[in-house]
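Build the complex from these two chains, which are given one at a time in their own frames, with help from the hints.
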Amino acid sequence: MGMTYVPTTLSEALHLRAEKGARPLAGGSDMMVQSKRGIALAPEFPYPVMIITSIDELRGIRVLDDGSVEIGALTTAAEIAASEDVPWHVRMAASGMGAIALRNSATIGGNIGNASPKGDLPQPLIMLDASVVLSSIHGERRMLLDDFILGSKRTALSDDEIIRSVIIPPHDFTYSFYRKIGMRKANAISKLSLSAAALVKDGEILDFRASSGAAGPKVIRSQDAEKMLEGHMVSEIPELLPAFLEAWNNAISPHAMPLYRRNTTKRMLSFFLSEISSGAEEGIIGGGEE
Amino acid sequence: MLSEIVFYVNDSKVSFIGDPLTRLIDVLREDLHLTGVKEGCGEGECGACSVLKDGKLVTSCIIPVGAVSGSRIYTIEGIRDTEKGRCIIDAFAEGGAVQCGFCIPGMVMAAYALLSSNPHPTETEIRKGISGNICRCTGYDLIVESIRLASEKGGDLWA
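Chains as they are written, first to last, in my numbering: chain U, 157 to 446; chain Y, 1157 to 1315.
Looking at chain Y on its own, in the form it has when it is part of the complex (with noise of 0.2 Å):
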């Protein structure tokens, strides 16, 4: 069945006509081709997916595009020349947070929601913050030192 849903992604509107239990990340990837949304697991579990939905962390690949009717979509695309967003994308280089890089993108946008909402976590509040993303090469201290980093780096930007 066809329905037209228009939501906003990145500051962009879009119209997205077609099936509406379509993956919101099959339509991020394959009709926007904003490929730094990764898919990992596919059910919600490793976070690879993650984007933020009116300013919500969630699994892109577990939300039918007919659920974001209206919404505010931001990917790793649309945050990543923000002040914000370049803040913790250089803490990342900087801390050595990356090797495959395959979860850094769901990692850059739950630091981005965490420190958005709490500007300076202790490491606790950071294992949590990045709990639902899952990196198979680090061993997470070092993401987690990152955003303590960009946390740290950013100041005011996050107040």
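With the rest of the complex left out, here is chain U (with noise of 0.2 Å):
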């Protein structure tokens, strides 16, 4: 069993972790129940672990100057799910998971530092193009969340470094998806997800982009197919759908029930497409989520 430490600064945080190999817990949503020994017995980790909560310097979220938003890693899913500032596919995940008690423990950096492939907020921060500040003693280094997630349950962390926040990169969309599929509203694990966005702009398709969580040992996107979209008009999306269609279903690899997700991602792309083909309203399609 290792040492619990308790830090209350950044600073002694990358120090303990430097030093000590020290493993940052913070909400406890992941970390508790992997470890959990039963009633009234403390979890045991077989690595030495720093309960990071008190650390203020890692927590918020603000918008930089060139209108990206930082969030940091200590931030909740239910303060994510309420800020007008982080963009709707991000909210819309944060405000899927689990339930009340759950959003308000559970950090942005724990759903990320624990890189499962089902983890709800990787899935439209990746397609969001967004990026992961990693400290250490030595400094500040940012990466592209897509490439710091390698697989499941792994990551480019370094043993000197905890993730300190996550940038997203400003964009404008016409139409936005986002669907989540569980077993029940609360408290489910993520059977399936997609985020994808469009910008249009005079009939032509100027950026489009999908993400899929669930379908693969991390979240899945292809920017092969994204381009066999764009720079077209929307009008040719039914006789693009196809080969679009193809191009995405060999990018992802589902596990389990392999058929069931792959059949499931093709409907949700080709509603979205359809949708935005036959002319839909500018702005959410489907509705999303409550």
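Rather than coming from a laboratory, the hints here were simulated on the basis of the structure.
Backbone N, C-alpha and C fix where the C-beta goes; we use that ideal spot for every residue, glycine too.
All the given hints hold, so there is nothing to weed out.
No farther apart than 25 Å at their CA atoms in a straight line, the calculated lysine-lysine pairs in the DSS-like style are these:
1. K192(U) / K1212(Y)
2. K309(U) / K192(U)
3. K1284(Y) / K347(U)
4. K422(U) / K347(U)
5. K1284(Y) / K274(U)
6. K309(U) / K274(U)
7. K1212(Y) / K341(U)
Pulled from the structure, derived: some chain U residues nowhere near chain Y, Cβ distances all over 10 Å:
8. L170
9. S272
10. D380
Here it is, written out as structure tokens:
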């Protein structure tokens, strides 16, 4: 059993990370559950742990000069869901995490660091080209979240680093779509999720992007497939759709229930694109979820 | 490893000395004997252990005590004699919300958090407000109705 620390500043936490190898614990909604031992027993971890919830420097949402939004690692799902500054897809994902009590505890840093293929936040974040800011006693580095998450439960985090924040660049979309499919509305782990967005001007698709959650070892985005639509006119969607769906289908690699996940992903993408090509009103397609 | 964690429970100052990974629920039940806090799943899924932390609903079974340093925690014991707590508890009794009772402390805490931020919730908002609290007896309808009753009877109490 490792030691447990409760640092109160980022600097203290970075030293504990580098010198003791302590791993950060924030909301506890993944780590406390994975290591639980039962009633009246504290969970045990095979490595040193630091409870970082007292570090205010890691909390909060702010808009940067270039219009990007920076979300501190300790910001909770509830705070993200309630923030007007956070892009719609990310707020939707945050508001669908667990239930109220979990959203008041679970943090964006934890959801990313845990790197579960079913994690709710990485999916829209990767579609939006978000990056992570990683801190260590040697300084900071920034990398695309899509590069940071290597696979199921695997990240590019170094032994002396902690996740400091997430930065989402600004976007302008004409159409947006988000759907999470779970067994029930509350406290459900995602069976499948999809974000999609398009920027259309004078009938031309200037930007198209999508990302699939729980459809492979990590969030899947196919820029090759996205490029098949970009630069084309909305009126061309019906003839482009079969090849696009085929390319997306080749990009995802669902392990369990592959037929269900492949068919449902196709249907969601097809629905979104068909709505656009049939002249849907600008904004949210399919109403999103409540 | 022993650490000292200072926080507040039901308006009393608490100084916990021990392993900071000790679950908040265990400190509340075993050390402070606040046994209105129930353990159901132990995984933050059922809501029976719900308490308020700095005004927000949380499940005390997945929170290590090291994460509540300086926080204000309220359990069912801390709100039951307040005007708002009384209002909800009376409404639960009047509305027949309780069968076995195991989920009820958590349900009352969830209702308290809901009505404090949304004094006049719609039925859908009430159902969402308790969506993290599992009840295996009632089928929820009478609990939802009782929360609506608390909203109505409480009036300005929740404004």
